[in-house]
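Asks: Join the two chains into one complex using the hints; note that each chain is given alone, in its own frame.
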Amino acid sequence: MIIFIILPIFSWSVVAANLNVANLNGLKAQFQTAIKSFSDIASLHYTLAGIKELGVQLPDSYCDNINKLVDKLNVESIYHATEASKTLVNCKLPVEDYRATLTAVLQSEDSKTAELYFAVRSSVILGITVDESKIEKRLNLLAKTDDSVVSQGYALLTGAQLSQTIAKSYADTINDLVQQADEIDGSILQYEGGIGATALIFNAFYEVAEKAGVPVKIDSKQLIKFATYFSSKRHVATLRSAYYLTKIFKHLSDNKNQVPVVVSRISPSAISPQNPSVLVSVTNILGQPVGEMSVVAESAKRKEDGVVVISKQKLISKASDFSVYELPFYDTKIPRGFYTIHLTLTARNEGKLIGLTDNMIDVKVTSEGTIENVELTVSDRDNTAQAKTYKLSYPNGQTDKLELDYHQKLTIKFQIKDKQSDEFVRVQQAFLRFTNKKSNKEIIYLAEPSDGANSQYKVEVDLITNANDFRHQSDTYELVLILGDSLLQTAYEWKLNNNVQLTFHEESLADKNHQKLYLPRPEIIHQFREDEKRPHNVVSLVFSALTALPLLVLLILWLKIGFNLSGLPLGLSPLGFHISHAAVFALMFFYWKCLNMFQTMRYLALVCIPLFLFGHRVLATLAARRAKKV
Amino acid sequence: MARLFIFAVGLLLFASAWSSSLNVDGSSKRLLVLLDNLGLRESHSFYFKQLKDRGFDITFKTSDDSSLQIVKYGEYLYDHVIVFAPSTKEFGGRLDADILTQFVDAGGNVLVAGSNTVGDVIREFASECGIEFADDKSAVVDHLNYDLSDDGQHTLIVASPSNLLSSELIVGQAKKNNLPFLFRGTGMSSDPENPLLLDVLTASSTSYTANPDEKTLSEYPATVGKRTLLISVLQARNNARVGFVGSLDFFSNDFFLSAVQPNNGKKSDKSGNQDLAVALTDWLFKQRGVLRSRNIHHYLKSDKSTPRFYTVKNDIVFNVQFDEFVHGKWMPFNGTDVQLEFVRIDPFVRTALTNKGGQLEARFRVPDTYGIFKFVIDYNRVGYSHLYSATQVSVHPLLHTEYERFITSAYPYYISTFSMMAGAFLLSFLVLYHRDDLPKKKAE
Numbered sequence: 257m258i259i260f261i262i263l264p265i266f267s268w269s270v271v272a273a274n275l276n277v278a279n280l281n282g283l284k285a286q287f288q289t290a291i292k293s294f295s296d297i298a299s300l301h302y303t304l305a306g307i308k309e310l311g312v313q314l315p316d317s318y319c320d321n322i323n324k325l326v327d328k329l330n331v332e333s334i335y336h337a338t339e340a341s342k343t344l345v346n347c348k349l350p351v352e353d354y355r356a357t358l359t360a361v362l363q364s365e366d367s368k369t370a371e372l373y374f375a376v377r378s379s380v381i382l383g384i385t386v387d388e389s390k391i392e393k394r395l396n397l398l399a400k401t402d403d404s405v406v407s408q409g410y411a412l413l414t415g416a417q418l419s420q421t422i423a424k425s426y427a428d429t430i431n432d433l434v435q436q437a438d439e440i441d442g443s444i445l446q447y448e449g450g451i452g453a454t455a456l457i458f459n460a461f462y463e464v465a466e467k468a469g470v471p472v473k474i475d476s477k478q479l480i481k482f483a484t485y486f487s488s489k490r491h492v493a494t495l496r497s498a499y500y501l502t503k504i505f506k507h508l509s510d511n512k513n514q515v516p517v518v519v520s521r522i523s524p525s526a527i528s529p530q531n532p533s534v535l536v537s538v539t540n541i542l543g544q545p546v547g548e549m550s551v552v553a554e555s556a557k558r559k560e561d562g563v564v565v566i567s568k569q570k571l572i573s574k575a576s577d578f579s580v581y582e583l584p585f586y587d588t589k590i591p592r593g594f595y596t597i598h599l600t601l602t603a604r605n606e607g608k609l610i611g612l613t614d615n616m617i618d619v620k621v622t623s624e625g626t627i628e629n630v631e632l633t634v635s636d637r638d639n640t641a642q643a644k645t646y647k648l649s650y651p652n653g654q655t656d657k658l659e660l661d662y663h664q665k666l667t668i669k670f671q672i673k674d675k676q677s678d679e680f681v682r683v684q685q686a687f688l689r690f691t692n693k694k695s696n697k698e699i700i701y702l703a704e705p706s707d708g709a710n711s712q713y714k715v716e717v718d719l720i721t722n723a724n725d726f727r728h729q730s731d732t733y734e735l736v737l738i739l740g741d742s743l744l745q746t747a748y749e750w751k752l753n754n755n756v757q758l759t760f761h762e763e764s765l766a767d768k769n770h771q772k773l774y775l776p777r778p779e780i781i782h783q784f785r786e787d788e789k790r791p792h793n794v795v796s797l798v799f800s801a802l803t804a805l806p807l808l809v810l811l812i813l814w815l816k817i818g819f820n821l822s823g824l825p826l827g828l829s830p831l832g833f834h835i836s837h838a839a840v841f842a843l844m845f846f847y848w849k850c851l852n853m854f855q856t857m858r859y860l861a862l863v864c865i866p867l868f869l870f871g872h873r874v875l876a877t878l879a880a881r882r883a884k885k886v
Numbered sequence: 205m206a207r208l209f210i211f212a213v214g215l216l217l218f219a220s221a222w223s224s225s226l227n228v229d230g231s232s233k234r235l236l237v238l239l240d241n242l243g244l245r246e247s248h249s250f251y252f253k254q255l256k257d258r259g260f261d262i263t264f265k266t267s268d269d270s271s272l273q274i275v276k277y278g279e280y281l282y283d284h285v286i287v288f289a290p291s292t293k294e295f296g297g298r299l300d301a302d303i304l305t306q307f308v309d310a311g312g313n314v315l316v317a318g319s320n321t322v323g324d325v326i327r328e329f330a331s332e333c334g335i336e337f338a339d340d341k342s343a344v345v346d347h348l349n350y351d352l353s354d355d356g357q358h359t360l361i362v363a364s365p366s367n368l369l370s371s372e373l374i375v376g377q378a379k380k381n382n383l384p385f386l387f388r389g390t391g392m393s394s395d396p397e398n399p400l401l402l403d404v405l406t407a408s409s410t411s412y413t414a415n416p417d418e419k420t421l422s423e424y425p426a427t428v429g430k431r432t433l434l435i436s437v438l439q440a441r442n443n444a445r446v447g448f449v450g451s452l453d454f455f456s457n458d459f460f461l462s463a464v465q466p467n468n469g470k471k472s473d474k475s476g477n478q479d480l481a482v483a484l485t486d487w488l489f490k491q492r493g494v495l496r497s498r499n500i501h502h503y504l505k506s507d508k509s510t511p512r513f514y515t516v517k518n519d520i521v522f523n524v525q526f527d528e529f530v531h532g533k534w535m536p537f538n539g540t541d542v543q544l545e546f547v548r549i550d551p552f553v554r555t556a557l558t559n560k561g562g563q564l565e566a567r568f569r570v571p572d573t574y575g576i577f578k579f580v581i582d583y584n585r586v587g588y589s590h591l592y593s594a595t596q597v598s599v600h601p602l603l604h605t606e607y608e609r610f611i612t613s614a615y616p617y618y619i620s621t622f623s624m625m626a627g628a629f630l631l632s633f634l635v636l637y638h639r640d641d642l643p644k645k646k647a648e
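For the record, the sequence lines run as chains A and B. Using my numbering, you'd call the opening residue of the first sequence number 257 and step up by one each time. Using my numbering, you'd call the opening residue of the second sequence number 205 and step up by one each time.
Looking at chain B on its own, in the form it has when it is part of the complex (with noise of 0.2 angstroms):
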């Protein structure tokens, strides 16, 4: 028996460590931020400064502390993770990669800068998110495109706000701005397999990727022109969001503040480093772009009343609340092309939903064909979290009682089955009660 308990709690504690996960949202501001040596807290002071501002609970730690753990009992000790540590080789404590994936599969959110070197545990975790980084020592190289300040080696890039990509939600402002970026660190590619990624910035189409120290390209470069990723973001399927920056110096305090000066084009006195490093970190933390439905209402259009299922033919009205997270409150989502299907494996409709100040309203007619349906909204669009709804109703087919009836060239069969009838109402009299004797009578 007690050996029975003792299996029992150790299940407990086992299925209690597995089925953790985070409910992230805006509200979640415990922040770790994993750093290669405390020195980056300093040098890239403004944006953890940015950070604190917005109200993130942020905890620094060395990348190799020794006391390193996300997860403690099975809960998740913190809702984001920075990782400024890309020469670590590996993490200290109690972290790995697999526990990193693991966590971003629960639901939080990750930010990975990466520098020339890029360490295995870094690497690992980036190819689980279909992100390669090129090997280590390599840079990216712009002979086309680099700033005057560069040590000579073209590594220092000016990345146009052209190659950024415009969503509003995910770069804020940068794009609008029109400011050049200042990037130096190493060119990642993506899985093109892979739906879920985001290409945020692209090196230009003279750029590649390789170790500048070498006098001349001995193999293809890791990633070449607009393919080398500079800023790449993925959004997973349960909307954990996870970012991958090639530069650590594109978030340092001296980049947020050094002008500009491309060795081709115009000078300009600041860099658009802070809004987008800003933005991006907005978006990847949940500050931006979340989507929430709720009220979900749907009804008969002729008496407002929701039946227990719905019958064929019927015109309905869908009814559902959407918001948005904006500055730190759920504000009435604005936009219009939300879409409502009515399922039954496939769609037999699909319509566009109406917004009056975030209330979403659909109207249409069942289809004349009967089985479980489901309302489905499926919400997916860049910037926004996957917003995916599903209410199940059953449709039924006609009563006999509400088929049409009287109908005109129906009455032939309607005469004819009354007429019948009452023949032989008719007939049972004269069957019974007529007498053929009568006459006989009349004869004798």
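Chain A with its partners taken away, still in its complex shape (with noise of 0.2 angstroms):
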């Protein structure tokens, strides 16, 4: 039982779970857009169809666009462009060019429920007398091979259009259909296949009893939750979908049938001393007052401990259609939290209405706070120091910059008091935040309240002990405290002082930040290797010069000392030892030029043969000559 109470008021489910006033203007707003450019009749049937319900009559020209769109061969295609024409005004088909096809379909032995309820539909509307009994029979045999839910839903569309007899037949199985419904959490009902399936079939229920001359038989209990499921659907994807809707909408606030209440809080949940009341809307479904009524707190309990804090409390009618009703619920007696108030009606005239008991509304009762007996003090870790103590008040902060250093720890201390009953209390959030200014990084520390009556929250922030948080990055901060509260009126975000600068003992840490993996990085010019120096040109002519200088000398003093020949003899073998001779020194100079070690080598042997074979020639012929002689 406690679990329940302490259920969390909103609802994480994506299903909401209470009946609410359907989304009109979305759906209206959902044609208007789509009547500016058709691709396909279906969606031009929905769209004119969708945008009559509500109200609004086209103009014939949109005749032109069905004769346009529509093919003739396809059944579903002269369905939606008779439908659409039955919404206009004047907007005659010529019957001769849909007979053929609608007559195969009737005829055919394949034709599914659907494709049979189009081209009985069409036929009624453009005037084609149909077989009825045949197409009953047909719509038995269909039954038994085809029992999906959407199936069924044909079956009764098309049910409704034959006769009085036969849509009775199908009216009785509607209570069948309702049970193979799915419920979800308890509070709806669909079908499987979603809104598209649900909605085509629950307005088929009320087609074929409106034929029928029969109410719809569908239990209330259950007929809130196909309510429920449909109100929940505030917003649809498809033209279709938003199409049956609203058709919905309108069969569930006729008052032919059973009219689903729709209490609903339209005051804004917090209530406060500006806001002292509930304001509850009592409509039907599409938020048009249901007549006079008498509407009853039950009860008011709070949520965290089932307090019963209202019981049997009448509502105020303040409007002359009966549509809204207030509770005065601001009163000092009724402390802060979360309500939950059970209302129950009373109609004058009940008629068809259902969902008058058990509603719920949920409210919460807040309080202004006020922040009080603010000190700040600045004192020294070892307490040598006189502490300095600062008194604040809100919404004033210090204007004088705040200097803190690693011997010294900062206090803020604070109570919070609810305006209302005097107390001090205890708040959700209680943050002092620090923002380095140049980083806009923040640091936040919780205050914690001590235990006892007066709440007095507390923090401290020791330079050393917490430098760790700030990375030890002296720098300028902003010091700011947090409250907030769900039940507190107005949450506070004060700004202490704008200007205080800390210091700590050790180096600063740096951010960390992955922001420079994403940037350019630094340009790099390769630096090559100088040029050696060198020197001046003259002083390398001139050394040229001087290297010359030994040979010329040589020769010189050849010729002073006088030298001869004479001992050359005659023959081939000088001449071709001297020739490859000098041929070795022109390929070391080849060499040096252009030529490789390897072809230097290679070049190098060739020239060797004949230098060996002549030079040995022209040894042997001197030491020939030189024996002869001795």
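The hints are simulated quantities; they were obtained by calculation from the structure and are not laboratory data. Be a bit skeptical, because a hint or two may be false.
Stated by the list, open to error - DSS-like, lysine-lysine: derived pairs with alpha carbons at most 25 angstroms apart:
(1) B/Lys256 <-> A/Lys292
(2) B/Lys379 <-> A/Lys697
(3) B/Lys471 <-> A/Lys284
(4) A/Lys620 <-> B/Lys471
(5) B/Lys380 <-> A/Lys772
(6) A/Lys849 <-> B/Lys560
(7) A/Lys608 <-> A/Lys697
(8) A/Lys789 <-> B/Lys470
(9) A/Lys772 <-> B/Lys379
(10) A/Lys694 <-> B/Lys253
Replies: Here's what the structure looks like:
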């Protein structure tokens, strides 16, 4: 039981569990957007019909669009065309163009329930007579092969086009179909296939019942669950769903049928001195008034502990059409908290209204808080020097610069007083925030309340033990106190000091920042090795001349002392020897100039052969001559 | 023999199962959507319709579907997965956090939405990506920035576009449009050591994540202030993208179309949710911010030929074509901050490439150090896929004939060498043929 009471008031589930007033403006907007351009006959049908349901009559000029888009060989297309033409005042379609297709579908043994419905409905609109008994037989046959809920829905719709007796037999099956709906969370009913299928089938209930002249036989609890499902569809994606939803909302607010009453809170959920009462609207699902009622708040329970603060209080009607009722709720005796109000309605003229009991409304009572006894103390860690205490009052902050170093600590104390009850209260959020003014990095500390009734909040920041939170970044910070609670009328973000200079003992650590991974890196220009310094050209030339000098000196000296070549033997071998000798030196020159080592070696090997042979011959000749002489 | 054959086949199957990878680009559109219940298809139908309009081939499955599998015979069946199933404790069929992680490793993209309850399987997957969801039942609470249609606990918060990542590729026009975002869900914190995570949307500095039912905070909240992550994305090293959104309602039709009335600010007729949700999905599923490089050429500036190797101090030209995937087509890339590195262990040259209609070009001189070098383009920018390309070339030293010739200051050496050779040549005549007996004859 307790678990139920503390259930969170907001619904996390996607399906809202409460019956709400339909989002008619949304549907209308959807049709009006769609009407600007049509791509196919189906959306034309749903748009024209949907917007007509909402009370807008469109001009007959759309008749041209129908004739343009219809496909005469497709029964579904014909169905949409005939339905669309029916929404216009004067739009006659050429019956004979469609007769062949429709008859073929009606005669065929293969047509499905949906096709059968399209053909029958089109025929009825166009005034083509159909063989009712044959169709009924065919439907019964189809029911055996295809038992899907959508197929059954189409069967109902087809039944609604036939005679009253046939329609009546189909209307009797509504209850069977209702039993096939899936229940979700115990609060809604839907069919497999979602909004499209559910809307089609639910709409079929009403059509067939209307034709049969009987009321729709659905248990009121189940009806409410269906209605809850449809009203939770605030926005639908397809025009088809939007059209069927519009029709359903009309059926659900039609006084011929059972009309679910929508009880909803129209005042904000927060009850405060400025907004002291709960305003409740009592309407049908379209938001229209449903007549005079007596609305009684059976109880108002606090969610937390189940304390009942109101019982059997009658609400005051605030509007002449009896659509708005007021419950004065704000009262000093009602403490702040979340409350559930249980409403019971009694209609003067009950008629077919359902959902009059067990209406729950959630409200919260808030209070105004004031921050009191705020003290900001700067003290030494070892209490050697006198602590400096500054008293502050909201909303004024300190204007002077506040300097703290690593010998000191900062203490802030405050209390929050509920203005109405004059008690000190605790809040959900009591944060002290430091913001680094350069990097905008935030460091947040929690203020903790003391035990007991005075709930004194205290937060202490020690520049040695808390230095890691700041990453030792000695810098200017902004100091802000944040107080918030869902039951406080306003939350506070109070700038205590805009200029707090913190000085830490250690070197600051840089913030971890991965952003630089994504930045261009600095350009690298390669530094080439510098050329060696060279002597001046003149110096080089002088020394070049000097190096040439020894050869010159040699030649001059040779000339001076005289030399001869009298030992030169005649013949080929000296010539060959000296040519190949010169060739070796020339090869050295070319090696320097252009050849590589391997080429040089190869040439050298070649040149060496004559050099060796001729050299040997020359030396042999000279040696022989010398021997002869001796 | 038969046994060996079976073993070989088994090995082959094993190898194929583990080596399968996805080559996801903008044309990959197979999308699996896992839902807590199929009702989400309707409550979030606008979002899914936008995806369908973008050509995604969507398969909807409930998260406990027993036939669930994303990999079959070693091949992935989908390119992208959306997990809109926050309360699922365990997936049905053959899917768990490990397989989802492998899917990301193979290059698949994943979008995960949280809620006030986040199942273990999603927590496990998130922690693989460096994201931690706050404990169950907690919600992002902001007592100073909530929407007036809030239920009273200040959990329907209004996130300001000023806290949105400024990268048009990821958030699209959402930042420019300056519309506030509606958010109801849980907060996340990211691993500060993970450089691949990007904070897309953070809460305001007055927010925190804790159980809104608690009357006072019993311990330090899961996240506080701007460190409360609402939307975070990860681009893995293989360019797979993973997105985490703390709120499933963020994508709902109601939030897409709802007007936003902050408690303390000006009303706007529309929330920015749709813009952001669609842009984020586009980015996550590789419809935007994907780059490729092709046609890499490098050649000598002098004669436009590409040699087998380069020699130190050559002037060379490097050319590459960059394309960006925009609206389903590859278009020339316009960025001008692409850099080319010439790397031998360390980069020797790093220079910006000039961009002429997607044709990027750099000219530089090869450094005077020889070895095996690489032309490296390592383009890593927020929102773009990481593009890394390396082309190897070798750089040779100068041939001995290529050094400078006829240096004036070396003339003494040349002349001395050649004069020595000339001397030796002449001397050979003198040594061989000179006769000293002639003067003797004169004396006689």
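Asks: Run every hint past the structure and note whether it holds.
Replies: Hint by hint, here is what the structure shows:
Distance restraint check for B/Lys256 and A/Lys292: the Cα-Cα separation of roughly 22 angstroms lies within the 25 angstroms cut-off, and the hinted pair is therefore satisfied. Restraint check for B/Lys379 and A/Lys697: satisfied, since their Cα atoms lie roughly 22 angstroms apart, inside the 25 angstroms limit. Taken as a hint, the B/Lys471 and A/Lys284 pair is honoured in the structure, with Cα atoms around 23 angstroms apart against an allowance of 25 angstroms. Of the supplied pair hints, the one linking A/Lys620 and B/Lys471 holds, its CA atoms being roughly 23 angstroms apart against a limit of 25 angstroms.
Proximity of B/Lys380 to A/Lys772 is assessed by CA-CA distance (about 24 angstroms); at most 25 angstroms being required, the pair is judged to hold. Distance restraint check for A/Lys849 and B/Lys560: the Cα-Cα separation of roughly 44 angstroms exceeds the 25 angstroms cut-off, and the hinted pair is therefore not satisfied. A threshold of 25 angstroms between alpha carbons decides the hint, and for A/Lys608 with A/Lys697 the separation of about 63 angstroms lies outside it, so the pair is violated. The hinted pair formed by A/Lys789 and B/Lys470 fails the criterion: a straight-line CA distance of about 75 angstroms is larger than 25 angstroms.
For the hint pairing A/Lys772 with B/Lys379, the CA-to-CA distance comes to about 22 angstroms; that is within 25 angstroms, so the pair holds. For the hint linking A/Lys694 to B/Lys253, the alpha-carbon distance of about 44 angstroms lies beyond 25 angstroms, and the restraint is violated.
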